[in-house]
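With the hints as extra help, turn the sequences into a complete structure.
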Amino acid sequence: MLDAKLRPLIDPPLNRVGHALASAGITANMLTLGGLVLGLAGATAIALGHIGAGLALIIANRIADGLDGAVARVKGPTPLGGYFDIVADFAFYVSIPLGFGVFAAGNTLPALVLVASFVLTGVSFLAFAVIAASRGEETDAHGKKSFFYSTGLAEGTETIAVFIAMCLFPAWFPVLAYGYAALCVLTVIQRSALAVIQFKD
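Residue numbers (this note's numbering): 1 to 201.
If you are wondering where the hints come from, they were derived from the structure by calculation, not from laboratory data. Even for Gly, the Cβ is constructed at its ideal location relative to N, Cα and C. Possibly wrong hints are sitting among the right ones.
Using C-beta positions, here's what the derived DEER-type ranges look like [unchecked claim]:
| no. | residue 1 | residue 2 | range |
| --- | --- | --- | --- |
| 1 | Ile197 | Leu126 | 40 to 48 Å |
| 2 | Ala24 | Gly179 | 39 to 47 Å |
| 3 | Ala105 | Thr78 | 15 to 23 Å |
| 4 | Leu48 | Ile131 | 38 to 46 Å |
| 5 | Leu109 | Arg135 | 36 to 44 Å |
| 6 | Ile189 | Ile63 | 27 to 35 Å |
Spelled out as structure tokens, the structure:
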């Protein structure tokens, strides 16, 4: 919901750094892999009870994720880069709830519910992208991407905001997890309604 609105604010500084990294020979795929390592390390830190370190690594992951896109815009996005980027994103997204699920026994069920809701949103997102691409449809609402990005109530910005809240208030993880899972389900419903309108023959 907020991703497209934040693009005009975050893209200019990211693009400047992206140009410098690209000039230094850093590739988008290097940043994608590095960001994934940082994100999984953050989930591991949370599982081990180092919540502050986990928060720092989550933020580092998001910076790397923004920079890989900036570098890709310099050299031109590739299908392989787009594939690695979305796989790394979803691997990171599911790892954080799993980290909290391991951290405290009372977090297990809400963590599973949240991961399940991420699977649903991921499937709806990718299915929408595949069908939109097959119809030749395009959008630049989220910047230049390797494939069609449909909007929704629960997007990357909202997810990271919830992850940060979980790290700042770990005792509230179950409430935050159930609440965000409900928003993810609403996103699937919203995207499905959009599909009915947009893909209707």
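Exercise. Cβ-Cβ distance between Leu48 and Ile131: within 38 to 46 Å?
Worked result: holds, 41 Å
Exercise. Between Ala105 and Thr78, is the Cβ distance one that fits in 15 to 23 Å?
Worked result: Violated, since Ala105 and Thr78 (Cβ atoms, about 43 Å apart) do not stay within the stated range.
Problem set entry | Range hint compliance [Cβ, Ile189 to Ile63, 27 to 35 Å] | This hint holds: roughly 32 Å between Cβ atoms.
Problem set entry | Assessment of proposed distance window 36 to 44 Å (beta carbons of Leu109, Arg135) | At 40 Å between Cβs, range holds.
Problem set entry | Verdict for Ile197, Leu126 (Cβ pair) under range 40 to 48 Å | Taking Cβ atoms as reference, Ile197 and Leu126 lie about 19 Å apart, which means the hint is violated.
For this session: Note whether the CB distance of Ala24 and Gly179 lies within 39 to 47 Å or breaks it.
Result: With Cβ atoms ~42 Å apart, the hint holds.
In summary, the numbered hints that this structure violates are 1 and 3.
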